[in-house]
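Colleague: Listed below, chain by chain, are the residues.
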Amino acid sequence: MSEEYKVKVEHLTKYFGDLHVLDDVSFNIKKGEFLCVVGPTGCGKTTFLNLLTRIYMPTKGELYIDGERADPKKHNLSVVFQEPSAMPWLTVEKNLRFGMEIKKLAKDEIDRRVLNMIKLLGLEQFRDRYPHQLSMSTAQRIIIGRAFAMQPDLLLMDEPYGQMDIKLRFYLEDEVIRLWKEMGTTVVFITHNIEEAVYLAERVLILTNKPAKIREEVNVDIPRPRKVSDPEFVKIRNHVTEQIRWW
Amino acid sequence: MSESPNVMTNEERVAYVQSKRKQTQLRDTMLALIGVMFFFLVWEAVVLTGLVDSKKLCSVLEVFKLFIVKFSDPNPDGALLLVNVWSSLLIALSGFGLAIVIGVPLGWLMGWYKGFDAFMRPIFEIIRPIPPVSWIPLSIVWMGIGLKAKSFIVFFAAFVPCLINSYTGIRQTKEVLKNVGITFGASNFTVFWKVGIPSSLTMAFAGIKVAIGNAWATLVAAEMLAASSGLGYMILMGRSYGRVDLVILGIVVIGLLGVVISALISKCEDFFMGWKRL
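Just so you know, the sequences run in chain order G and U. Every letter in the first sequence is one number past the one before it in the working numbering, and letter 148, counting from 1, is 148. Position in the second sequence (first residue = 1) + 1000 = the working numbering.
Warning: the hint list may mix true and false statements.
[To be verified] Simulated pairs of lysine-lysine, DSS-like, Cα-Cα distance not exceeding 30 Å:
#1 Lys1267(U) x Lys74(G)
#2 Lys94(G) x Lys1055(U)
#3 Lys1056(U) x Lys94(G)
#4 Lys73(G) x Lys1178(U)
#5 Lys103(G) x Lys1276(U)
#6 Lys1148(U) x Lys94(G)
#7 Lys1020(U) x Lys104(G)
#8 Lys1178(U) x Lys94(G)
#9 Lys73(G) x Lys1056(U)
#10 Lys6(G) x Lys1178(U)
#11 Lys74(G) x Lys1276(U)
#12 Lys1114(U) x Lys73(G)
#13 Lys8(G) x Lys1178(U)
#14 Lys104(G) x Lys1209(U)
#15 Lys107(G) x Lys1209(U)
#16 Lys60(G) x Lys1276(U)
#17 Lys1178(U) x Lys210(G)
#18 Lys103(G) x Lys1194(U)
[Said to hold, decoys possible] From the derived model, a few chain G residues whose C-beta atoms are all more than 12 Å from chain U:
#19 Thr41
#20 Pro72
#21 Met136
None of these hints come from the bench; they were simulated from the model. From a predicted model like this one, the values you see are computed outputs, not experimental measurements. Yeah, the Cβ is synthetic: ideal placement off N, Cα and C, and Gly gets one too.
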């Protein structure tokens, strides 16, 4: 049974002192799945992510990757944070290498992956630029490239497009889908934007208000490329919206 | 306006912007030179008109003459100008260098490792407010009046800003950048090395610049009390002999050396922090 799941989350619970943020959250993720997590603002989405990345330790419960307790030192995790997180003192290329160098991959393997990622993202002209010389969206693409280049067991994205306008968001959403298909990565994408969740996900997890529990899992079986005006799409989106509003 | 950039081709516009920039640069350089000239002119005027007693202030030309003469004449303080400069530089740079080599890494370690901070902080807090000059008597007893004693005093003056700034700099490392390292599975030391230190460099360099100022200031005080050569010593001798030109020459040379050293530090900063300029 555990073979078919890449990631298993069991009874994840978190208290900060008296503040109960996360309450007994359990779910599984299949290898190569694209999972979106939505919930009302302030429901503890980021705490949830920080538990998955092991920045916080859970009060109760555990996270398993390939049947083992998740450990960033052992497993290959990648995170795209909400805030800009490119190292400002490294060039685009060196930023892309950063994670792989920490994992101490062979140099020619890093070279190969970086070259591939630069090509995939069309960053050739920005190779030797520094993040502050780039537009915000390009800087964010580097972060996404850095995360995918790790070929992680689990890729976590925390509202990576929260700050961007709608056109850029559409563009970058398609790019993430493209990378995901190309690389076969397992992705957990956290967002408060319901349309974004339905557009991207194979499955949507809806969280409740604090203390957050899973209200519902919604499978999104719409073929890609998806259209936001497709009646099926609208139906799912409305359903998710209802679920979030209902308390 | 006839030269409005709206009607230009791309090349013309680039050339236009570049020539504008060159003009601004030229203007700023000229203004800087004029500022310095103006200062000397006022000085000269004050002396020539007899507004100030010539025993209290000598003319610019006299100082310049002495500057030339001191290259070959050790009188009246007993050492050539270059010998004095060299002896001062040796003290300043050895004390200052030591302060960087010890202060900056210590600040990094204290800023990063909480336990080490708890251990070091009380000692540092006690040492910090002690005026460097108050170490003079002890350092003379311990190390005589040679290079070592004076470097020691300069070291104390330069050490504090080096440490405080690298400490503060590394404490201000963005949480998200640290988390990037941690989630990629880096050890605490790797995050310290690859994220903490690079992100603290801006602050560390600001500290180093403050430190060189402190080092110079203390150097002169140290030499005034115990020395047989050096710029501070030359100033002190000038005072003893009532040679106001010698005193002023000492002051000016210290100022100029300060400018040169600051420029060298800035070059160094550009090398390490080039990414900021681009």
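Colleague: For a C-alpha distance cap of 30 Å, please report whether Lys107(G) and Lys1209(U) respect it.
Modeller: 38 Å, violated
Colleague: Given the hinted pair Lys1148(U) and Lys94(G), is their alpha-carbon gap at most 30 Å?
Modeller: 44 Å, violated
Colleague: Between Lys73(G) and Lys1056(U), does the CA-CA distance stay at or below 30 Å?
Modeller: Not satisfied, since the Cα-Cα distance of roughly 71 Å exceeds 30 Å.
Colleague: Against the 30 Å threshold, does the CA-CA distance of Lys8(G) and Lys1178(U) hold or violate the hint?
Modeller: Cα-Cα ~26 Å, so holds.
Colleague: Can you confirm whether the C-alpha distance between Lys6(G) and Lys1178(U) stays at or below 30 Å?
Modeller: 27 Å, holds
Colleague: Please check whether the beta-carbon of Met136(G) is more than 12 Å away from every beta-carbon in chain U.
Modeller: 15 Å, holds
Colleague: Tell me if the straight-line CA distance from Lys103(G) to Lys1276(U) falls inside 30 Å.
Modeller: 27 Å, holds
Colleague: Does Lys74(G) lie within 30 Å of Lys1267(U) when you go C-alpha to C-alpha?
Modeller: 42 Å, violated
Colleague: Would you check whether the claim that Pro72(G) is not at the interface survives, using Cβ distances to chain U and the 12 Å cut-off?
Modeller: 4 Å, violated
Colleague: Can the restraint linking Lys74(G) and Lys1276(U) be considered satisfied, given a maximum Cα separation of 30 Å?
Modeller: Since the Cα atoms of Lys74(G) and Lys1276(U) sit roughly 35 Å apart, the hinted pair is violated (cutoff 30 Å).
Colleague: Is the hinted pair Lys60(G) and Lys1276(U) satisfied, with a Cα-Cα distance of at most 30 Å?
Modeller: This hinted pair is violated, its Cα atoms lying about 44 Å apart.
Colleague: Within a Cα-Cα threshold of 30 Å, do Lys94(G) and Lys1055(U) meet the stated pairing?
Modeller: Judged against 30 Å, a Cα distance of about 63 Å means the pair is violated.
Hint compliance for this structure: hints 1, 2, 3, 6, 7, 9, 11, 14, 15, 16, 20 are not met, and every other hint is.
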